[in-house]
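Novice: Given next are the chains, with one letter for each unit.
4 protein chains.
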Amino acid sequence: MIPRYSRPDMVAIWSPETKFRIWYEIEAHACDAQAKLGVIPSESAAAVWKAKDVEFDVARIDEIEAVTKHDVIAFLTHLAEIIGNDEARFVHQGMTSSDVLDTTFNVQLVRAADLLLADMDALLDALKRRAMEHKFTIRMGRSHGIHAEPTTMGLTLARFYAEMARNRDRLVAARAEVATGAISGAVGTFANIDPEVEEHVCAQMGLQPEPISTQVIPRDRHAMFFATLGVIASSVENIAIEIRHMQRTEVLEAEEFFSKGQKGSSAMPHKRNPVLTENLTGLARLVRMAVVPAMENVALWHERDISHSSVERMIGPDATVTLDFALARLTGVIDKLVVYPDHMMTNMNKFRGLIHSQRVLLALTQAGVSRETAYTLVQRNAMKVWEHGADFLDELLADADVRAALSEEAIRSKFDLEYHTKHVETIFARVFGA
Amino acid sequence: MIPRYSRPDMVAIWSPETKFRIWYEIEAHACDAQAKLGVIPSESAAAVWKAKDVEFDVARIDEIEAVTKHDVIAFLTHLAEIIGNDEARFVHQGMTSSDVLDTTFNVQLVRAADLLLADMDALLDALKRRAMEHKFTIRMGRSHGIHAEPTTMGLTLARFYAEMARNRDRLVAARAEVATGAISGAVGTFANIDPEVEEHVCAQMGLQPEPISTQVIPRDRHAMFFATLGVIASSVENIAIEIRHMQRTEVLEAEEFFSKGQKGSSAMPHKRNPVLTENLTGLARLVRMAVVPAMENVALWHERDISHSSVERMIGPDATVTLDFALARLTGVIDKLVVYPDHMMTNMNKFRGLIHSQRVLLALTQAGVSRETAYTLVQRNAMKVWEHGADFLDELLADADVRAALSEEAIRSKFDLEYHTKHVETIFARVFGA
Amino acid sequence: MIPRYSRPDMVAIWSPETKFRIWYEIEAHACDAQAKLGVIPSESAAAVWKAKDVEFDVARIDEIEAVTKHDVIAFLTHLAEIIGNDEARFVHQGMTSSDVLDTTFNVQLVRAADLLLADMDALLDALKRRAMEHKFTIRMGRSHGIHAEPTTMGLTLARFYAEMARNRDRLVAARAEVATGAISGAVGTFANIDPEVEEHVCAQMGLQPEPISTQVIPRDRHAMFFATLGVIASSVENIAIEIRHMQRTEVLEAEEFFSKGQKGSSAMPHKRNPVLTENLTGLARLVRMAVVPAMENVALWHERDISHSSVERMIGPDATVTLDFALARLTGVIDKLVVYPDHMMTNMNKFRGLIHSQRVLLALTQAGVSRETAYTLVQRNAMKVWEHGADFLDELLADADVRAALSEEAIRSKFDLEYHTKHVETIFARVFGA
Amino acid sequence: MIPRYSRPDMVAIWSPETKFRIWYEIEAHACDAQAKLGVIPSESAAAVWKAKDVEFDVARIDEIEAVTKHDVIAFLTHLAEIIGNDEARFVHQGMTSSDVLDTTFNVQLVRAADLLLADMDALLDALKRRAMEHKFTIRMGRSHGIHAEPTTMGLTLARFYAEMARNRDRLVAARAEVATGAISGAVGTFANIDPEVEEHVCAQMGLQPEPISTQVIPRDRHAMFFATLGVIASSVENIAIEIRHMQRTEVLEAEEFFSKGQKGSSAMPHKRNPVLTENLTGLARLVRMAVVPAMENVALWHERDISHSSVERMIGPDATVTLDFALARLTGVIDKLVVYPDHMMTNMNKFRGLIHSQRVLLALTQAGVSRETAYTLVQRNAMKVWEHGADFLDELLADADVRAALSEEAIRSKFDLEYHTKHVETIFARVFGA
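Chains as they are written, first to last, in the UniProt record's numbering: chain A, 1 to 434; chain B, 1 to 434; chain C, 1 to 434; chain D, 1 to 434.
One chain only, chain A, in its complex shape (with noise of 0.2 Å):
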């Protein structure tokens, strides 16, 4: 998490007051639950909401935790000083570190996913919107980077479309994996605490029990959680590489918007660089390099151990920010990019005519021509646009045995861009609905 990389809101859930706070409110919610079962005085459990409104001294619980080297006990005594002494006696009762800590951090993360979620819906409105735009602005299909057959841009938008909406449902797929509580306490028997405990402070804070814990909530849940940022990660990559063959010199179908100020090398004033979606191209890498640590922090020694922690400490903030920033960023480029129609024409007609070669494949072996024979006509007159630049419909009327097949209009009608978009709102519907 670096700030070039960082948006304030999503940073501010990763922070130590964030932290404290949550911290706080299940201390609180926890004192309430046990003093309802009986356990704790209800006057004890009523002085610990005297702190609702304090700002917790982080600096005053790292010097706490400077001697203790332990964070939550720092926390506990920082507590124990505002509320005094003697009201804080109940605080934490049966509970171990644990069962705030995980706690805690699953309540960040499915905060972290409802930024997600919502930078994930600007950015299906925007590439909605650009979609719709562009739904019949013709431009060059393209497989193995070779020229293949036109599609349009609105295309190519919607399926980016589809794409992040369907990451949009694994993110709340993701979001439900860890949206889970457990006040447990030690090994996770409850035997120092009741389960009622636990039920009512994931109640308070937005979260369902752990049906099972062992002080720890299971990290395959949080597996889970990062690998699917993992995927929405490369799915940004996917558009950004997309839209960086777009940029590139030769192709110039599209642009990242360019500001007046903005200089794009400090020594070839000329240039335009598609920086932003190489920067995500980068950025995916970053939210996907949380994977596998995620995935080695499942196997825990018996009922816990600690070794997930600092990978957590650090991924938790990381790949989250991160992707809170890529998704920001990719659409405000998704919503100024600068499509060029004209260009994606030119770029069309590099090969005159040669992306109507399959459409006169298949009219010769309707015809009655064999595949093979078919497949040889067509490839010898492709071969004379591709190696002299010669016309592929001129090639086609003059070539007599094509003739003897198809009429001078059959051939013709062939080279009409319209046959290939009449599909094009058949699959609008498709992903935007009827």
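Please note: incorrect hints may appear among the correct ones.
Said to hold, decoys possible - Keeping only pairs whose Cα atoms sit at most 25 Å apart, straight-line, the calculated DSS-like set for lysine-lysine is:
#1 D:Lys36 - C:Lys422
#2 C:Lys384 - A:Lys350
#3 C:Lys384 - D:Lys69
#4 D:Lys336 - A:Lys69
#5 B:Lys135 - B:Lys422
#6 C:Lys350 - C:Lys135
#7 C:Lys52 - C:Lys36
#8 B:Lys350 - D:Lys422
#9 A:Lys336 - C:Lys384
#10 D:Lys422 - C:Lys36
Because the hints were derived from the structure by calculation, they are not lab data. This structure is a prediction, so every number in the text was calculated from the model and none was measured.
Starting from the structure of chain A, add chains B, C and D where the hints point.
Specialist: Only chains B, C and D this time, still in chain A's reference frame:
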């Protein structure tokens, strides 16, 4: 995929025979749909079914491919050899190779997922059965590898059950991710093929039509699929690590079943090594290694490139075959795991009474001792056990400060093991249902 | 490891036949050393060499292993079947299975490294030859995919040469990493076997004795080996990506060689796709996926566990076979790459004269114009080229502010392409030697 | 990079202040070289050194960058503010941003490597000292987590020493990989800058000139660098896992030093958890996660793209800071590790005499018993120890078949522990030198 870690049913899904069979079915169903649309003659479509019971000649297809360097064309050529060039003329019309290849890959992944789901059901059964058997088999709970408080072997197995049940749900979702097909023609525009063909073929093959494809089915779906396998493998590792710990000489709370003919070591005949779970630890790494390349496969150039193909030829079979083998092996391990309840009890008593320290701490707090003081009282007696092998109960009873707060009876009552199992039923109900 | 991406020499290294042959040699050499030390009878040692020319019966060994569930014991049993139980009595004395297995694995990796080094030599030859051929073939240099300043195709190939030469050095180092053997007995203490046995066996097998082993050879060596393969694979990807870019329709500065019988697409016969380099992009991902599991293999429990074994059974063959195939394929691609110097020149002129902007900027600065002003002057003329297809030279000549600083001759002199190639020889001398 | 896992010297390398300082030095040295070549006025070059002792104003540079969106231009603008626009006119002439950025990154990596080398030296010292101390401290050697044969704590530490010494050599090689600089101008042709500038700057900055750069230094170098850090981290994990095993309650052969004020658990005061080595296990995952993105960074488009940049901004600091912290932490753990030789002996005797089975097996073989029979004889007595807690020596002495082959004295002699340590000196000499 190596024979040592393979089972035949999963291997069969990835055989050339199965692949060509699926290709054939897709082509034949497509012909039916094309005939119904009037695009090709009904007799031609019907003729394709002449090959219905043919075993395709893999060697012959390979031979043709050696010339054409194109696998689908090689297959179609071979198919024409069987049903006749004339009848074969309309096969594959308007389609691209990817229509066949991608739909086939997804059929294979769906079938693989079905086998894996069956594997997981067997594993869940074994885990549940053994969990019930050892519901109240008390053993030491450990955090950081250090004795913490008692738990039960049943809870250990129940948490693995819960984790694998989550994995089953994830796998159902992952199966749905890849249960799509595409027959959308070059660059996915349906220019040369009606969407109804896709609908018909998908329905016949048990798939959903891909809402928007671009000659290829988008690879974020597969990234999610393999990521899910990676999470499942991490859970396999989690269980394997637990058993390896239980079997280590100093712990010896359980052992993998050791058949009569088996030799543990060429040098040390007394050794019984947890080789199955060690093996599972390695297999988990192997399944997991598919995750990153599957994510790197998402960003294809424009409408498609073929870089994903070699990756999938390897990880498709490897990850599913290895995970299938691992799940079956793990099921066997769980099913026949030799559990030693008496060793569990012996281990628990290693530090005489020390595991009850938490309860004593709470009792002191509840008796009005401040948290800090109670902590000190417990710690000073605990250290005598730790360092000099004293008996914790004796020390507490002899500690005047402790006795000032708690009666002998009160102290003794804290050394009751059943205290720790009182919520086992609660947790089992959460995991297995009431 | 799949046949499609395999070459026979590398596959042979990993065959059961080779493996058993190496096992045999290790055991036989160990017997020699033991006999020399007087530990076993000389005749027994000599008898082992009776099997010198025997092809071991893999099926028979598998059969025995099915009973014993231990591969080395199975092999030794089979060996005894060949040389006689009596003579076989002293074979493997004082050794453990790992002595044989680990030393064998390293012999295989060393042989694999030797093949890979030969592959790299062939690749370096091809790169050098083509670099020399195109030393002064001018093409556009691009940063961010955007035209920057001219370079040459020779420089492109020379940088790949330099990168692969570095990789060759790395591979030599990686080979040395794994060129160790261990015959140190149970837990590596030499309690039951003299270190001289290890020395003798290693010398005979072309290895160094592992200074300290613990029944296994430490796995940091293998982690380094596979990490190095991962770096080499990433360089393969780097070259592949360059060629894919060069072949894309709008660029078309080079093409993979396209043989006569080859068909590019079942649907679009004119297409010539960079399928080899796309394939290499995928193969790079496959080689790279071995890196993380190899690193996860380092942390074995105590003196050894067997978790690394399944990983190595897979990645040992897979990573080396795939990389061998990839290097050979890449060599073929480079060797036969069809280069289009005229297209390179056409692309360079896409924005008429704009590539010389940097030189004009410098000339202005040197003529006393402030950096900021010079930048503005260049940029305003550059934008006319960019946006309206103007000729950069014409625009500059017509710009009074530019002309106030630079004469017509001075401006024209900045449009000379050879200016950019003046240090090509310097760089070639650095890369290939004087 | 988070404060909790950071040390100030390494953090300082990555501060904006250090970065700008290196940028400045590169620009100033380049001016010197340009002046010497007569390209720029000597006075201008001299003027740049006016800023020699200036602390650059990071906030001001950020402010400028917010407008220009280009960091190097922002810095140059700020530099001009300090030394005067007129004098600054020739700064950066003929260079590109990447000349500065890439050379700077490598300077930082080299400095980071130097710190890491110092860390490793300290670690090696600690390992050696403790290895010498426990050279003959006998402990159980374990394979598969199961008791095998005796070894010594010194050997354990010596193998970690040997592994880390290898890692030190690797790091020296990795440092050399990135110890290059490039001042080669746009797309690396030296068209606008003489190679002598690069030579001068590199010599001044302690680097070698990159033989062929393309505006960027090739990223295979950095991939190798981070891969090496990943291997080192895996070795850190290896040592950490060993200590965690030793500290687990049932083993308790060693403990991390536990300071007086430290609290192990908020709930269980007697617990002393191996939290440092658990933490190191997690930190190893964090360092390792940089490896794959660093490899993905190798394949940049054409002469360069900027996708690597965001990755390096994160993993450059993160991986080096985390590894620096981890190595220092590990050194502290080793340095102060509390070793329990008596517990080691107690553990060894858990299965009374069983660890000597291998020696008895060999003795039987040497006494003329067939290998198979000897194995059976040993195994049947071993099983009595294993299953019924018998004493292995007693059982053997009472076994008529064993006694038929071996005298009582012969059997008793096999139960001598020093037998296992007879080559400790040999191994120590190999590892630490004679």
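Novice: Take a quick look at whether Lys384 of chain C and Lys350 of chain A sit within 25 Å of each other, Cα to Cα.
Specialist: The hint holds at about 24 Å.
Novice: Lys336 of chain D and Lys69 of chain A were given as a pair; does the straight-line alpha-carbon distance stay at or below 25 Å?
Specialist: holds, 17 Å
Novice: Between Lys36 of chain D and Lys422 of chain C, is the straight-line Cα distance small enough, at 25 Å or below?
Specialist: holds, 20 Å
Novice: Holds or violated: Lys384 of chain C with Lys69 of chain D, Cα cutoff 25 Å?
Specialist: holds, 23 Å
Novice: Holds or violated: are the alpha carbons of Lys336 of chain A and Lys384 of chain C at most 25 Å from each other?
Specialist: holds, 22 Å
Novice: Are Lys135 of chain B and Lys422 of chain B close enough, with their CA atoms no more than 25 Å apart?
Specialist: holds, 11 Å
Novice: Please verify whether Lys350 of chain B and Lys422 of chain D have alpha carbons no more than 25 Å apart.
Specialist: Since the Cα atoms of Lys350 of chain B and Lys422 of chain D sit roughly 34 Å apart, the hinted pair is violated (cutoff 25 Å).
Novice: Could you grab the alpha-carbon distance between Lys52 of chain C and Lys36 of chain C and see if it respects the 25 Å cut-off?
Specialist: holds, 19 Å
Novice: Verify the proposed pairing of Lys350 of chain C with Lys135 of chain C, using a straight-line Cα cut of 25 Å.
Specialist: holds, 23 Å
Novice: Are the Cα positions of Lys422 of chain D and Lys36 of chain C separated by 25 Å at most?
Specialist: Holds. Lys422 of chain D to Lys36 of chain C sits at ~20 Å (cutoff 25 Å).
Going through the hint list in order, the structure does not satisfy hint 8, though it satisfies all others.
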